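Peer 1: Listed here are the chains, written in short residue letters.
Number of protein chains: 2
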Amino acid sequence: MGEWGVIAALAGRMPAGPLTSVGIGDDAAVVGAPSGSVVAAVDLLLEGRHFRRDWSSAYDIGVKAAARSLADIAAMGAVNTALLVALAVPGELPASWPLELADGLASEAARAGAGIVGGDTARADSVLLSVTALGDLAGRRPVLRSGARPGDVIAVAGPLGRSAAGLALLSAGVAVDAAPEAVAGLIAAHRRPSPPYPAGPEAAALGATAMIDVSDGLLADLGHVADASAVALDLDSSSLVTGGPLSEAAALLGRERPDSYRTDTAGSRSPTALEWVLTGGEDHSLVATFPASTQLPSRWRVIGHVRAADGADAAGVGVTVDGAPHAGPGGWQHFR
Amino acid sequence: MGEWGVIAALAGRMPAGPLTSVGIGDDAAVVGAPSGSVVAAVDLLLEGRHFRRDWSSAYDIGVKAAARSLADIAAMGAVNTALLVALAVPGELPASWPLELADGLASEAARAGAGIVGGDTARADSVLLSVTALGDLAGRRPVLRSGARPGDVIAVAGPLGRSAAGLALLSAGVAVDAAPEAVAGLIAAHRRPSPPYPAGPEAAALGATAMIDVSDGLLADLGHVADASAVALDLDSSSLVTGGPLSEAAALLGRERPDSYRTDTAGSRSPTALEWVLTGGEDHSLVATFPASTQLPSRWRVIGHVRAADGADAAGVGVTVDGAPHAGPGGWQHFR
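Residue numbers (the numbering used here), protein chains in the order written: chain W, 515 to 850; chain B, 515 to 850.
With the rest of the complex left out, here is chain W (with noise of 0.2 Å):
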């Protein structure tokens, strides 16, 4: 097809969003940006390290690689305008993959109201996506990393660990096919992750302190937040839903691959519902910290409170589940 014929065709496909004056086909694009700034960030995303081809299909990446760059800007309490795609795929992949893909980013990025305005391409050995998303905050101030205070609750809209257990259940073979329907939803979830964007800027007009998107999991994304906000930050375990669908799978698992299982992630211990909820990245859900006296919507479920640090040193802050570290793997002094 060529260069400049893949570009149209993909040009095609997506669909530059209301905000938008000057879209793919210039030398940059031109997006409104009402506030009088513009929120952005950038993820890359490659093959083999975030995503495989065999386990997800063109549409599924483009969904993925578009969800974790828009809810870094909904994790801000701002709404999304744009996104400017850098991709490059092996010559040998047929011409549909790389249209398949725009697909998935482009019906993601409806999703979230943004449009998809820039981009560039070229031929590497394996697929590499690189999304930049742009957003506006429509006068709010962005919600930092840095602002949650002892007293204030911590919530979070939107799943929790259910990417893990997707993840967990394709690399232990199991067959979609074959799962059990609740089960199923899982693989699904780990392949089109469906970040609740509107729930950013709610969270901002409800005076949310601070906020972050749970890309690398709840307790590493948390321990962001309570390092910038030099606060100590407790999970309450039993509001953390672990039931059905998760434990479901980790019951699937611990029965019917449970050395590779143990081995795998968890060390010695079998495999828990809790341990996806609390580690695992990629559903890209919102988490918040807010003054203890708001009125929070029913999308947003309370999981913890925030505390004074203990003391001066750093020692005190961090992130604990029913006030005691947690031991796990993933758990919060990995990332010391």
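Quick caveat, the hints were computed from the structure, so don't treat them as lab data.
Keep in mind that this is a model prediction, so the values were computed, not measured.
Treat the hints with care, as some may be off.
[Unchecked claim] Computed far set for chain B versus chain W, every beta-carbon distance over 10 Å:
| hint | residue |
| --- | --- |
| 1 | Ala547 |
| 2 | Pro548 |
| 3 | Tyr573 |
| 4 | Met590 |
| 5 | Arg625 |
| 6 | Leu684 |
[Said to hold, decoys possible] Going by beta-carbon spacing under 7 Å, a handful of chain B positions derived as facing chain W:
| hint | residue |
| --- | --- |
| 7 | Leu558 |
| 8 | Gly562 |
| 9 | Val816 |
Cβ atoms here follow ideal geometry from the backbone N, Cα and C, with glycine treated the same way.
Keeping the supplied structure of chain W fixed, place chain B upon it in accordance with the hints.
Peer 2: Showing chain B alone in chain W's frame:
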């Protein structure tokens, strides 16, 4: 050093810029967009395709990667405000390598008035970079590729062919230390392009009707303008600077490696400086069209004129040199 350590070290070397209210370290950056819109472009640079680590230092690659995206913003008539950088490097590279790259990125961003406000890092088998540039139009309308009108003059700011000549010298194995000073300057130009960023907003203020940066070669990039504007562009070869270092380099290559050079770049013909000027990319100079009555500052050199396309069919649209199609490699017909 670990991922967080590398990010912190990188961030410390890359100032955020004057319009940035939230820089590296949160989910996303917040950058001023005083005009109420943002200009944005992304470019991908892959080792072995866009640069070689044995021909360019980490610092050089940082400069080149930044320049490539910054020039896209200038070519819209906008002022650069910020860069976001996604970077993957092999694990075996010394920790100093990404830090020197960051120095190169920061240096070139500062030259354009931009800060570095966000990024992402990963491991990969070879170095890859994606640089997103943001800019502001300061109330001006963007200068598109589509506005050239018959009667306009074509003018260029910045050098042509220097990067291509430098690449030819490197490809032929010419040692920089042994090369005459003027010729060594071409190799330096290939390693560290130096686009004339302020010429972009200047052209917009002067009423430029179309503009593009020369990234793929003068004929190829003007071909995009001819296509988008539905006009014919004619270059005057006598106005294209081909003497001095370019002629010296052509003579050096023709003398030292006549056979390989002929085969590599120009079929059966000898290397000529004009070839580099017409088809060499990566200098990232700016080429624009202006109404013929425009009083151009001295950095803009008139190199041709815009004419009406012959007839209604696309065959009349294109770029000519002294009134005739250019038959050499990389000429316009190559992109048909």
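Peer 1: All hints are to be evaluated individually against the structure, with a verdict given for each.
Peer 2: Taking the hints in turn, this is what the structure says about them:
{"no.": "1", "hint": "Ala547", "verdict": "violated (4 Å)"}
{"no.": "2", "hint": "Pro548", "verdict": "violated (6 Å)"}
{"no.": "3", "hint": "Tyr573", "verdict": "holds (22 Å)"}
{"no.": "4", "hint": "Met590", "verdict": "violated (5 Å)"}
{"no.": "5", "hint": "Arg625", "verdict": "holds (18 Å)"}
{"no.": "6", "hint": "Leu684", "verdict": "holds (21 Å)"}
{"no.": "7", "hint": "Leu558", "verdict": "holds (4 Å)"}
{"no.": "8", "hint": "Gly562", "verdict": "violated (9 Å)"}
{"no.": "9", "hint": "Val816", "verdict": "violated (21 Å)"}
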